[in-house]
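One line per chain: the protein sequences are A and B, in this order. Read left to right, the first sequence gives residues -11 to 314 (the numbering used here). Read left to right, the second sequence gives residues 640 to 779 (the numbering used here).
Accuracy of the hints is not assured; some may be wrong.
Facing chain A, a subset of chain B residues (Cβ under 8 Å, in silico) [stated by the list, open to error]:
(1) Asp643
(2) Gly659
(3) Thr663
(4) Pro665
(5) Lys667
(6) Lys739
(7) Asp747
(8) Tyr748
(9) Val759
(10) Gln763
(11) Ser765
(12) Pro768
If you only want the chain A side, here are some residues facing chain B, beta carbon under 7 Å, derived [said to hold, decoys possible]:
(13) Phe35
(14) Thr39
(15) Thr48
(16) Gly93
(17) Gly234
(18) Asn280
Hints in this document: simulated from the structure, not taken from any laboratory. Beta carbons: idealized from backbone N, C-alpha and C, even for Gly.
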Amino acid sequence: MKLLLVLLSAGIVFGSCSKAIEFDLPEVEQDVVLVGKIESSNYPIVFLSKTQGYFEPTSTESIFGTSIHNANVTMNDGVNEITLNELCSADIQDSLLPLVSKVTGIPEQSLQFFNYCIYTSLDPLAIGIEGRTYSLYIETETDTLTASTILPVGVPLVNTRFEAFESLDSLGFLFGTLVDPPEEGNGYRWFAQRINSYKYNYPAPYDNVVGMQKDAFPIAPFGSVFDDKFLNGLSLEIEYNRGEVGNLEGPDDEGPEEGYFKRGDTVVIKFTTIDYLTYLHLRALEDQAATNGSPFASPGNLPSSIVGGIGLWAGYGVRLDTVICN
Amino acid sequence: MQYDITDRWNVGFAFVYATGSAITLPEKRYFDPIENRLITVWSDRNAYRLPSYHRADISITFNGKGFKTIKNLETGEIEKKKKKVVSTWNFSVFNLYNRKNPYFLFFDYSGDVNSGNLDVGANQVSLFPILPSITWNFKF
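Let's have the full structure, built from the sequences with the hints guiding it.
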């Protein structure tokens, strides 16, 4: 019955008239956006920007023009108070961009061509320590924001492995077993990064990728976020396909290898533990991304715990595991 | 409105108007560089209204005769005899001026900031355009 209703609805949509329209929405007050993370044994990264009207120009100048500069950003972990300073990719040597790409998750070419500005600190005291609560206090020219997140103790996966599908010979997914701790409210997020290089080229424009590392940074596939609501204190075998960087396809993100890991790949699984508020935000983000363009999508804003703004300040308890796919 | 031109011809006209349905619209957006995604910030629920709904319909109905004339062979007189099956023809046009009334809206974005081809858009789905129809009714 449900399938019939879906088919009927789809028939109405595709059989009826659909056209692109333009809007002239009234001006609304824009929000300050804080997007940032702190991971185990890694430096904090904070991006500050402003929202813009949904139908404003989508040029890179327009998007990057919303960055907030010269803000006062301080981070407190209950022991130390550290100032995060603004650092822009245009001011970073090209030789350091691969490292910045790995830490931030922004493609190296993007760091080269566009001026990404982050607030961070290279003070060793700023490195994330599990179990601590990290609070941010931010002052811009016109606004004040506060945010807080827990950097949970990472929960490792066991028995991580690659399994090829019988029908696909050399392509498959990655598997692992999670043993959830007894306390409720744990959230998790899976990332994976192929650190081996391409051995052959693909059709244009990817006809010159031999020798290039397959993934520059860990990538989270759709459905990478879950919590322990239904598995608290239990063991669960999980499996994941290979994700893509949002809306940015790589050489093997189209065609038969899309979504699969391959025999011969060396994959670093980055399994992270997150707090419940971070889980709610990321789950809503994945829902919004998955239903982009769907006529049946429901409007819903991403939950945010940031006071004075919107966005996410997330702590990730990281456990790494290397799997050789053979 | 309906009007009998003759006892066999009838015309009708209808005009429907309704305030547009309440709708939640994407008001703002921001780019999340860590997730490499454009994030939509929606308005308060039902903060806006769709354009109003209106359409005009017309119809013309031709009623068949309810009787037939026959000649009484005995008396030679013309008599009226009730038909067993009586039919009518109706010619109508729904949504006479082909207004694209919005049924619902949906929004999407495509492309990527890093590739410089990001695009956001809004789409409107309408149900019924101008719909002429011919109907034959019969009763027995």
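To see whether the hints hold, each was checked on the structure:
Interface restraint check: Asp643 (chain B) against chain A, minimum CB-CB distance 35 Å, threshold 8 Å, status violated. The restraint placing Gly659 (chain B) at the interface with chain A is violated, with a minimum CB-CB distance near 13 Å, outside the 8 Å limit. Checking Thr663 (chain B) against chain A: minimum C-beta separation of about 4 Å stays under 8 Å; hint holds. Because the smallest distance between the Cβ of Pro665 (chain B) and any Cβ of chain A comes to about 4 Å, under 8 Å, the interface hint for this residue holds.
For the restraint placing Lys667 (chain B) at the interface with chain A, the shortest Cβ-Cβ distance is roughly 4 Å, inside the 8 Å limit, so the hint holds. Contact between Lys739 (chain B) and chain A, as hinted, is supported at the beta carbon level, the nearest pair being about 6 Å apart and thus within 8 Å. Look at Asp747 (chain B): its Cβ gets to within about 3 Å of chain A, closer than 8 Å, so that hint holds up. Interface hint at Tyr748 (chain B): satisfied, since its Cβ lies 6 Å from the closest Cβ of chain A, which is below the 8 Å cut-off.
Of the supplied interface hints, the one on Val759 (chain B) holds, with its beta-carbon coming within about 6 Å of a beta-carbon of chain A, less than 8 Å. With a least beta-carbon distance of about 5 Å to chain A, the hint placing Gln763 (chain B) at the interface is held under the 8 Å criterion. Interface hint at Ser765 (chain B): satisfied, since its Cβ lies 4 Å from the closest Cβ of chain A, which is below the 8 Å cut-off. The beta carbon of Pro768 (chain B) comes within 6 Å of a beta carbon in chain A, closer than 8 Å, and the hint placing it at the interface holds.
Given hint, Phe35 (chain A) at the interface with chain B, holds; its Cβ is 5 Å from that chain's nearest Cβ, closer than 7 Å. With a least beta-carbon distance of about 4 Å to chain B, the hint placing Thr39 (chain A) at the interface is held under the 7 Å criterion. The closest approach between the C-beta of Thr48 (chain A) and any C-beta of chain B is roughly 5 Å, which is under the 7 Å cut-off, so the hint is satisfied. The beta carbon of Gly93 (chain A) comes within 5 Å of a beta carbon in chain B, closer than 7 Å, and the hint placing it at the interface holds.
Because the beta carbon of Gly234 (chain A) sits about 4 Å from the nearest beta carbon in chain B, less than 7 Å, this interface hint is met. Because the closest C-beta pair between Asn280 (chain A) and chain B is about 5 Å apart, less than 7 Å, the hint holds.
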